[in-house]
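Now for the letters of each chain:
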Amino acid sequence: SQTIHQWPATLVQPVGSPLSLECTVEGTSNPNLYWYRQAAGRGLQLLFYSVGIGQISSEVPQNLSASRPQDRQFILSSKKLLLSDSGFYLCAWSGDMSESRSYYEQYFGPGTRLTVT
Amino acid sequence: GIQVEQSPPDLILQEGANSTLRCNFSDSVNNLQWFHQNPWGQLINLFYIPSGTKQNGRLSATTVATERYSLLYISSSQTTDSGVYFCAVDHDSNYQLIWGAGTKLIIKP
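Just so you know, the sequences run in chain order A and B. Mapping to the working numbering: the first sequence position 13 is 15, numbers consecutive. Mapping to the working numbering: the second sequence position 67 is 1400, numbers consecutive.
Be aware that a few hints might be false.
Covered stretches of chain B, as calculated for chain A (at least 3 residues, CB under 8 angstroms) [claimed, not checked]:
| no. | segment |
| --- | --- |
| 1 | 1376-1390 |
| 2 | 1432-1438 |
Beyond 12 angstroms from chain B on every Cβ pair, some chain A residues (computed) [said to hold, decoys possible]:
| no. | residue |
| --- | --- |
| 3 | Gly-56 |
| 4 | Leu-85 |
| 5 | Arg-115 |
By construction, these hints were calculated from the structure, which means they are not laboratory data. Just so we're clear, the structure is a prediction, and the values are computed from it rather than from any experiment. Even for Gly, the Cβ is constructed at its ideal location relative to N, Cα and C.
Given only the sequences and the hints, what does the whole structure look like? Please build it.
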């Protein structure tokens, strides 16, 4: 079965510091990968998605960047954090080719709570 | 772009009650998913249902694509059902899910 991991679970960083959040997927190959951000009490906003190694699409211009160095690894980064970068960051994957699921159905990791102080 | 509206925004029920959550969308969809976000933030897949009806235990969902709405039914509510329920849709298969604002459900013992 497929599993998705994110770390760290929580992070407190000062303004101006760098950021690196990691997401890995197990049990599948060539998944579509996504980074979302959720502000408190709100829905999710898509930040980046990737359909393959080295292929990154950005949905929102911002202080963040994403990379996909390996097939099942997705990294969210920032060189200098802003207060407005605080939030709950969720990684997701899709692309299950099994009979019991849809290719487009997205599955989410446990998330990282980032507080920028 | 496509709009997604969920109702009601908040719902407070006693344990054992039944509830119906609604998701309206403004255009045709290729993907519609219902999620439950628990108090710890974990998003749990409930249904992938761009059309038709599905059931899983006490939960069931129906999407009427021609009329652009989906319903999530929760029967015999338990306190563990508390949390926020989100509907999310994909209009043109460009990998972007458009999210509703959610329904916050509180089940009192």
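Outcome of the hint check:
no., hint, result
1, 1376-1390, "holds (count 3)"
2, 1432-1438, "holds (count 4)"
3, Gly-56, "holds (16 angstroms)"
4, Leu-85, "holds (20 angstroms)"
5, Arg-115, "violated (7 angstroms)"
The structure does not agree with numbered hint 5 stated previously, though it agrees with all others.
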